[in-house]
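Same order as they appear, the protein sequences are chains E and Z. Heads up: the first sequence runs through residues 0 to 313, numbered per numbering that gives the first Met the number 0. Heads up: the second sequence runs through residues 0 to 271, numbered per numbering that gives the first Met the number 0.
For the record, the hints were derived by calculation from the structure and aren't laboratory data. Keep in mind that a hint or two might mislead.
Where chain Z lies over chain E, by a calculated footprint (3+ residues, C-beta under 8 Å) [unchecked claim]:
#1 3-11
#2 73-79
#3 99-106
#4 143-154
Glycine included, every Cβ here is placed at the ideal spot set by N, Cα and C.
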Amino acid sequence: MTDPIVLAEGLHKSFGGTRALRGLDLGVPEGTVCGVLGPNGAGKTTAVRILATLSDPDAGRATIAGFDVVREAGRVRERIGLAGQFAAVDGQLTGRANLRLFGRLGHLSRGEARRRADDLLERFGLADAADRRVAGYSGGMRRRLDLIACLIQRPEVLFLDEPTTGLDPRGRLEIWDAVRELVADGTTVLLTTQYLDEADHLADDIAVVDQGRVIATGTPDELKATLGDTLDVVVEDPGGLRPAASVLHALAGTDPTMTGADRLTAPLPGGGFRLADIVRELDRAGVAVADVRLRRPSLDEVFLRLTDSKETVR
Amino acid sequence: MTTARPAPQRLRWTITDGLTLAGREIARLKAEPGQIVAALAFPVVMVVLFGYVFGSAIQVPGGGDYREYLMPGLFAMVSITAVQGVMTRMAADASQGVMDRFRSMPTARLAVPFGQTGADALVGLGLLAAMVGTGLIVGWQPHRGAAATAEAFLLIVLLRYAMSWVGVYLGLVVKDDQTAAQLVPLFLPITMLSNAFVPTDGMPAWLRLVADWNPLSAITAASRDLFGNPGARSAHPAWPMAHPVAAVLLWSVAALVVFVPLAARAQTRRGR
Ligand SMILES: Nc1ncnc2c1ncn2[C@@H]1O[C@H](COP(=O)(O)OP(=O)(O)O)[C@@H](O)[C@H]1O
Ligand SMILES: [Mg+2]
Chain E
0 MTDPIVLAEG LHKSFGGTRA LRGLDLGVPE GTVCGVLGPN GAGKTTAVRI LATLSDPDAG
60 RATIAGFDVV REAGRVRERI GLAGQFAAVD GQLTGRANLR LFGRLGHLSR GEARRRADDL
120 LERFGLADAA DRRVAGYSGG MRRRLDLIAC LIQRPEVLFL DEPTTGLDPR GRLEIWDAVR
180 ELVADGTTVL LTTQYLDEAD HLADDIAVVD QGRVIATGTP DELKATLGDT LDVVVEDPGG
240 LRPAASVLHA LAGTDPTMTG ADRLTAPLPG GGFRLADIVR ELDRAGVAVA DVRLRRPSLD
300 EVFLRLTDSK ETVR
Chain Z
0 MTTARPAPQR LRWTITDGLT LAGREIARLK AEPGQIVAAL AFPVVMVVLF GYVFGSAIQV
60 PGGGDYREYL MPGLFAMVSI TAVQGVMTRM AADASQGVMD RFRSMPTARL AVPFGQTGAD
120 ALVGLGLLAA MVGTGLIVGW QPHRGAAATA EAFLLIVLLR YAMSWVGVYL GLVVKDDQTA
180 AQLVPLFLPI TMLSNAFVPT DGMPAWLRLV ADWNPLSAIT AASRDLFGNP GARSAHPAWP
240 MAHPVAAVLL WSVAALVVFV PLAARAQTRR GR
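Throw the hints in and build the complete structure from the sequences for me.
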């Protein structure tokens with residue numbers, strides 16, 4: 000077993016009274032994609048900024064390929080690429096000029112920067128737009144350019160901070176394709192996201208972050224297995240809530256959450272539940288059901304489950 | 000701190016990366032020819048506005064042509080505009096995440112301010128040339144020979160370069176292009192509060208004190224002396240007005256000594 004190429008141990012970081020990170024641990028094996036999944040304010044950006052040498056931790060340590068992000072920042076910067084939450088490209092310049100600029104600043108020779116720019120523009124479908132000013136690009140194109148701008152110096156580790164937030168579905172798919180393309184090259188990727196499905200599609204491993212700490216890790220399948228599916232029940236009249244709640248309790252092993260005047264939600268651990276069986280159980284309890292649905296949990300519910308702070312009906 | 004690379008190598012990258020970044024600023028300008036036209040129209044507008052509109056009502060102390068009196072003030076103004084120009088560019092990069100990208104790359108830390116101030120120096124030379132051309136057309140002239148004329152221009156360029164470092168620091172501190180844009184109009188009163196356009200003799204004593212110590216007044220007075228343009232000194236001048244060349248050197252060196260390290264620290268600081 001070699002050491003993880005990205006390693007964070009007990010990272011702490013406060014901004015005034017806000018404790019953005021409180022003991023964050025993370026390890027990303029070389030050549031894998033790690034999805035850091037968490038809601039707004041969880042500390043994802045703070046963690047990425049520390050790993051990318053933009054910010055120093057108050058406590059804890061982190062290394063990239065064995066180099067300390069604080070003491071050996073110069074060595075770290077030679078090995079990483081960062082695409083932040085906003086597309087950090089120069090709108091006034093063309094796509095090609097942007098890539099050449101970042102290539103030169105990444106200390107490629109003039110010829111190498113030129114070749115690499117042309118190559119990447121071609122590969123990531125921006126060749127046609129290469130000589131237009133970036134100010135006229137769509138949001139998705141801008142993000143894609145931003146992403147390839149950090150590839151130009153062939154980083155070993157790529158940090159992508161919410162690469163698809165604010166993009167339309169088409170833009171999202173374009174970025175997903177681009178990330179898959181990188182992974183095929185063997186680049187290690189750490190990407191943050193608020194979307195479970197994004198982590199699911201792209202990541203080999205997921206670290207769920209909440210309030211500055213990793214609260215769960217695993218492959219997407221492992222996480223899904225522990226989280227199971229989510230069951231929604233809408234009753235015909237409020238009188239049916241109580242019997243429905245006890246049916247759901249029996250199935251789920253925990254109290255269901257009331258999500259409206261006439262509806263309940265409960266997580267079902269593991270798999271193996273069939274909708275038909277659930278409907279039969281409800282029917283037997285005399286509940287007049289308007290709607291029953293079995294679905295993948297939303298991120299909110301993942302957090303509620305993992306942090307165990309749910310409101311229940313009694 | 001970071002494991003240091005050997006100093007000569009760091010210096011080399013600071014220069015190479017600085018040139019790359021200065022080249023970027025020039026490429027940006029080329030992509031926006033309208034901006035160049037606007038920048039070159041500025042001297043013409045200023046000369047017409049001050050030289051012909053205000054000038055008709057202003058008495059030059061000791062007599063003489065107002066436009067001859069005015070041009071050194073406008074050259075001085077070219078020096079001071081470096082602050083707002085560089086501040087705006089630094090703040091734009093900081094607010095759009097471009098600065099973070101530079102900082103996460105092996106790019107030399109100080110290349111960003113050096114590139115920015117270097118490019119601004121080129122822009123300043125262009126502006127100054129346009130201002131001189133406009134001045135020559137409306138009848139301004141240097142009267143004291145090549146050496147004095149060259150000295151005056153060197154002082155103007157030096158002060159502008161020093162002022163561009165003030166801009167680097169301000170831009171890194173505000174970090175936000177909208178805040179920077181809101182600060183720009185504040186520079187006009189600072190330029191007006193000097194001897195650039197009107198004699199300070201008529202100002203209330205406290206205001207005159209401020210105006211006489213304004214670096215803009217020093218460069219204006221120094222250029223008037225060195226070009227041999229009108230603008231007699233008052234009987235009991237404040238120190239910078241009695242020794243304007245020394246005052247310009249002092250202001251420039253002071254600005255560089257204070258703001259280069261401050262800007263360097265702001266550029267390399269982490270922990271946000
Ligand atoms: N520069 C800062 N100054 C003050 N508070 C900050 C700063 N950066 C982040 N925070 C706070 O730290 C917490 C974590 O923020 P962040 O890392 O941006 O979360 P995420 O990226 O997961 O949305 C939030 O409460 C945020 O308000
Ligand atoms: Mg964030």
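Which numbered hints does this structure break? Violated hint: only 1; rest satisfied.
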